[in-house]
Each structure stands twice: as structure tokens, then as C-alpha cells.
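Got chain B; can you put chain S on it based on the hints?
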Amino acid sequence: MIAFVIRRLLQAVLVMMAVGFVAFSLFAYVGDPVAIMLGQDFTAESRRLLVHELGLDQPFFVQYVHFLLNAAQGNFGISYRLARPVSELLLERLPATLELSLCAAALALAVGVPLGVYTGLNRESWLSRLLLTVSLVGVSLPTFLIGILLILVFSVVLGWLPSFGRGTTVALGWWTTGFLTESGLRALILPSVTLAMFQMTLIMRLVRSEMLEVLRTDYIKFARARGLSDRAINFGHALKNTLVPVITITGLQLGGIIAFAIVTETVFQWPGMGFLFIQSVSAADIPVMAAYLVLIAFFFVMINLVVDLLYYGVDPRLRIDRAAAAGHGH
Amino acid sequence: MDALRRALDSDIYYSFRRSPVVMLSAVVTLLFFAGAIFAPWIAPQNPFDLRQVDLMDASLPPFWLPDGQAHFPLGTDTQGRDVFSTILFGSRISLLVGVFSVVFAMVLGIALGLVAGYAGGTIDAVIMRVADVQLSFPAILIALLIDGVARLVIPQELQHEIALYVLILAIGFSGWVQYARTVRGSCMVEKGKEYVQAARVIGRHPVAIMLQHVLPNVLGPVLVIATIHLAIAIITEATLSFLGVGVPPTEPSLGTLIRIGNNFLFSGEWWITVFPGIALVVMVLAVNLLGDWLRDALNPKLR
Chain B
1 MIAFVIRRLL
11 QAVLVMMAVG
21 FVAFSLFAYV
31 GDPVAIMLGQ
41 DFTAESRRLL
51 VHELGLDQPF
61 FVQYVHFLLN
71 AAQGNFGISY
81 RLARPVSELL
91 LERLPATLEL
101 SLCAAALALA
111 VGVPLGVYTG
121 LNRESWLSRL
131 LLTVSLVGVS
141 LPTFLIGILL
151 ILVFSVVLGW
161 LPSFGRGTTV
171 ALGWWTTGFL
181 TESGLRALIL
191 PSVTLAMFQM
201 TLIMRLVRSE
211 MLEVLRTDYI
221 KFARARGLSD
231 RAINFGHALK
241 NTLVPVITIT
251 GLQLGGIIAF
261 AIVTETVFQW
271 PGMGFLFIQS
281 VSAADIPVMA
291 AYLVLIAFFF
301 VMINLVVDLL
311 YYGVDPRLRI
321 DRAAAAGHGH
Chain S
1001 MDALRRALDS
1011 DIYYSFRRSP
1021 VVMLSAVVTL
1031 LFFAGAIFAP
1041 WIAPQNPFDL
1051 RQVDLMDASL
1061 PPFWLPDGQA
1071 HFPLGTDTQG
1081 RDVFSTILFG
1091 SRISLLVGVF
1101 SVVFAMVLGI
1111 ALGLVAGYAG
1121 GTIDAVIMRV
1131 ADVQLSFPAI
1141 LIALLIDGVA
1151 RLVIPQELQH
1161 EIALYVLILA
1171 IGFSGWVQYA
1181 RTVRGSCMVE
1191 KGKEYVQAAR
1201 VIGRHPVAIM
1211 LQHVLPNVLG
1221 PVLVIATIHL
1231 AIAIITEATL
1241 SFLGVGVPPT
1251 EPSLGTLIRI
1261 GNNFLFSGEW
1271 WITVFPGIAL
1281 VVMVLAVNLL
1291 GDWLRDALNP
1301 KLR
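First to last, the protein sequences are chains B and S.
Going letter by letter, the first sequence gives residues 1 to 330 in the working numbering.
Going letter by letter, the second sequence gives residues 1001 to 1303 in the working numbering.
Calculated directly from the structure, the hints in this document are not laboratory data.
Note that CB positions come from ideal geometry on N, CA and C, so glycine has one too.
The reader is advised that the hints may include incorrect statements.
[Stated by the list, open to error] Using C-beta positions, here's what the derived DEER-type ranges look like:
| id | chain 1 | residue 1 | chain 2 | residue 2 | range |
| --- | --- | --- | --- | --- | --- |
| 1 | S | 1123 | B | 248 | 21 to 31 Å |
| 2 | S | 1123 | B | 306 | 26 to 36 Å |
| 3 | S | 1027 | B | 74 | 51 to 61 Å |
| 4 | B | 183 | S | 1103 | 43 to 53 Å |
| 5 | B | 122 | S | 1278 | 38 to 48 Å |
Chain B extracted, bound-state conformation (with noise of 0.2 Å):
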């Protein structure tokens, strides 16, 4: 158990060293920031000194090993094209992200798992296969596309709700929150389906596959033949075992939402990280780029580590196969 956790723990550390040096790299080839500070009148000894005040005149590892133990104290330089501290601007954006993303998770959960039980309890019904039909539909339609369409149904024909923004926000503390007005609320119900209906499809899927599967194996059989009730054993035996690949695969895709968060904010102009993001990239602003790089890579980071671990704690067959062949000398 703690030789596997510290090979997690090594291996987490290698990725986060291994994209600290690519966001590094965007910083030390890319564009010439001491040129943009010297402007347009310098003398070529003005450039040497500031080289110098820089520490750009150090050896690329001095000058790496330097970048990431900034970057583990959140100091990512500031932003070329909005002159502020990008850790600032990336934290005032961070509580946006955060609430549409787990809005969205929590909606893709609420809708999928229980598609996912009736499609899965009932194969041959048409509603089933109209569901699976339309998730294959869902699986087609780029995200991006589905928030157009809902743009254009709900707020441009029939005008019931906003189509770009986060409404009005409260603050608590640096955390500003939508969840408390009305218009928040509103703001947040399109960007979150849409972000969410990718999810909701797999998850059904998933949830689908995983039931047939259990309710195929022995001992569902042996619990029917004891007379259970169906309600017993589908929601007591067959549920219950489908929801441990379940939760791995949701904690999985939390990164994925994240990911997606960069098209659905772009669309709905949410004032998140992802819109930062793409602006940044857009307008070559390097140090916003490299920083939220190594958040997201974080971010990712860590919960595949949780993942991993919580899969290692909850499923006991994984310790047993890693004893067995430990035992066979692999």
C-alpha cells in the first residue's frame, strides 16, 4: 500500500515537473519581455544590466529551478496583456469556473445515473432505445453547437433566459458566488446543461453497460431464485456494485468538465478561467497561458491521484491481484 502510494506520489510529481517545463519554456523562447520593458530607447549596456536584474543571464536550469519554486508560491508574473499579477486574475475567475463546473457535475449525475438504471432494467422498452438513440445524437453534437442552440431557442426565440454573463454575484470574502441572486441562477442554467449534456450521455452509458453486466453475474441470480423482490435486487445488489466504476470515471471526467469549461465559457462569455484562457491565447499573453497550464495540470494531478487512491481503498480485488503477483515475482 505505501510503496504504491509513493509511486502515485512520484509520478504525480514528475508530470507537474514535466509541465512546469513546458509552461517554462513558453516563457524562455517565446516573445522577448525584456525588449517590451526597455522600450524604444536603450543602449546595448541598459539591456546587459537588465538581462542581468533579471537573472536571464543565469544557466536554463538556474533559471528553471527558480521558475517552479515561484510557480509553487503562485507567482506566475503578470499579464502582458492586462498588466495585473496572474495569480490575481486567475483566482478572481476561479470561483466562475468552479460553481458552473460542479453545477454541471451534479446535473450530469442527477439526469445520467438514473437513464442509465432504467435503460439498463429495461433494454427492450422504445423509450430505452429512444434514449440511447438520442445519446448517441448527444455524443455527435459538439458542445459548443449545443449552446448555440440553446442560446437560440431560449434566449433569442423565446427570451426566457440570459445568454452571456454570470448575472448579478455576491461576495463572500474574494469568493464571488451567482447561486444567491435571482439573476445568477438564471445566468447559470443554460451554460451548466450544456456543459453537462456531454457528461449526462456517457454516464447513462456507462451506468447502462455496468447494470447488464452485474445483472448477469451469479449472485443477482442466486438472489432471485432466494425470492427477493425486484426492488431489492436491482437497487440493493445490482446498483449498488455498478457505482464503484461509476464514481472512478465521474471523478475522471471532473477534469473533462473543466477542459469542456473552456468552450462553454467562450460561448456564453462566462467569466471564468477558460475565457481568460482563450483570450490569452489570442493575444500571446504568455505568463496567463504557462500559469493556468500548471493549475489545470493540477487540477488533473490531483484527481487522478484521488481517483487512484480512493479506487485502491474501495475496491479490495486490486490489492489482492498487485499481492498475487507480487508473490509471482513481477
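Chain S alone, transformed into the frame defined by chain B:
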């Protein structure tokens, strides 16, 4: 002739003929490819030739609405370009990027998978570790990052010219892992079999064994992955173009068309966005259905 008769007699062709949905998606896919390849000849108008575009025709609705005109069946955009023609030219770019990025991912993935599976040991461990790490990030994020970084590195004046190649490489690179994993798995099974041992005994070069003996036997699953990957690649390209970091606006793909049309959603010209959107969804859906069918048909366990 003999090969043709054998193909018509096979299980796969039988299951193909039995499912109307699959036949329909095959027809739709073929139509899209034909439309894309022959776009310059069958499009009513070349929307990028300024002599053929008249600003007087701007913002016409589809033909069944009042003010619609029969020779602009799906209406025109705000610059007077025929929406049907821009869709034909747009799917040309979308399919071009999609197909080439799939080919790139396939070649890279097969090569790395074969090497990892055949060589084993440290090489295998390194390749598969990298694959694991990459797999934990969504493909769209990786493509977005490669594309974004390439944009910064490439000098401004070259950007429009090579944007398409950059995009193909970015999307292709974000998708190689699936191929590599599958090929590696099959390769490890195949290499223990007698025909591979026989080839080794008669002294064939390992590269020749991999390409001539092992590769043909692992191609089935690769074909399935490639079909489903094509749908994903088309969506990725459209998404990147929609975000404004994909193909340059001078050669719009379906994603670019949707992005442009999105600006006119509120002024009531819905057809500029909706028709390219429908084209994109129908194309991706058809390819997805083909992929689903191919997976079931080639997998005897599911029959």
C-alpha cells in the same frame, strides 16, 4: 473478381445489408466525402471568388421563407455568399483536417505500439507511461495547447499558410494513445505465436516481422478506432475553429462558419449558423454510427 465475390459473401457484408441505419450512414458519409472532394465543381457558387459574390444578395433567408430565392437554397450570409456552397467548401476543410489527423495519429500510434509491444522492457515502459499520462488529459486540451504554443513559436507572416498543418499535427498528436495501446496489446499476443517465431528463426529483420507479419493481424481493431477517431477529430477541429484558434478565416471549415454565423444569431439570421451546424452533426453522427457498427461486426464476442 474473386476477391469481390468473397467480400460480398462475408459476415461483415451480411450484417451491413441487414441494418438500414448502417447503410444510410454509409451513404451519408459517402455523400459528404463526394461533396467535399468535388466541391469546386458542384457548388453553385465559389464563395471565395469575389467576382461571383454580390453584396446585393446579402442576408437572404432560405428559399421556403418569404424573400428567399431558389438559387440560394439555404440562404446567404451577410456578405452575400451562398450558405449551401460555403457548407460544401467548409466540409472539405473539416474532412481534410479530420482525415489527415487520423492518419497521422494512426501512423504514430501503430509505430509506437508495435515497438512497445515487440521490444518490451524499458522501451515499452517509457512509451506506455507517456501514454498513461497523456490519456489522463482530455484530447481537446492537448490539441488546444499544442496549437496555442505553435501559434506563439511560428512567425506571424507564416501563420496563415501553415495553420492547417499545425492543426493536423495538434489533433493527430492528441489521439495516438488509443492506437498505441491497442496495437501493443495485440502485438504482445501475436509475438508469442508460431508464425512469428518461425519468421524469427529464418532470420527476418525485426522491423520486417513487425510490418509484414504482425501488423496485418492487428489491423481490425485499428480500423474501428480510426473510424470513431475520425468523428472525434472532426469535432475537435470544429471546436478549435469555433474558439478562433483553428483554421484561418480565409479557408473556413464548418466550425469557422458556425463561429462567424454566431455573431448574427441575435439579428435574426439564424440560417448562417444553423445549417453548417446541422451539416456538422449529420456528418459526425453518420461516421459514429459506422464506427459503432464496425466495432460490433468485427468483434465476434458480441455476436
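Hint by hint, here is what the structure shows:
With their beta carbons about 29 Å apart, residue 1123 of chain S and residue 248 of chain B fall inside the hinted range of 21 to 31 Å. At roughly 31 Å, the beta carbons of residue 1123 of chain S and residue 306 of chain B sit within the given window of 26 to 36 Å. As the Cβ distance of residue 1027 of chain S to residue 74 of chain B is approximately 56 Å, the hint placing it in 51 to 61 Å holds. For the hinted restraint 43 to 53 Å between residue 183 of chain B and residue 1103 of chain S, the CB-CB distance of approximately 49 Å keeps it satisfied.
The supplied range of 38 to 48 Å is broken by residue 122 of chain B and residue 1278 of chain S, whose beta-carbon atoms lie about 31 Å from each other.
In terms of the numbered hints stated before, the structure departs from hint 5 and from no other.
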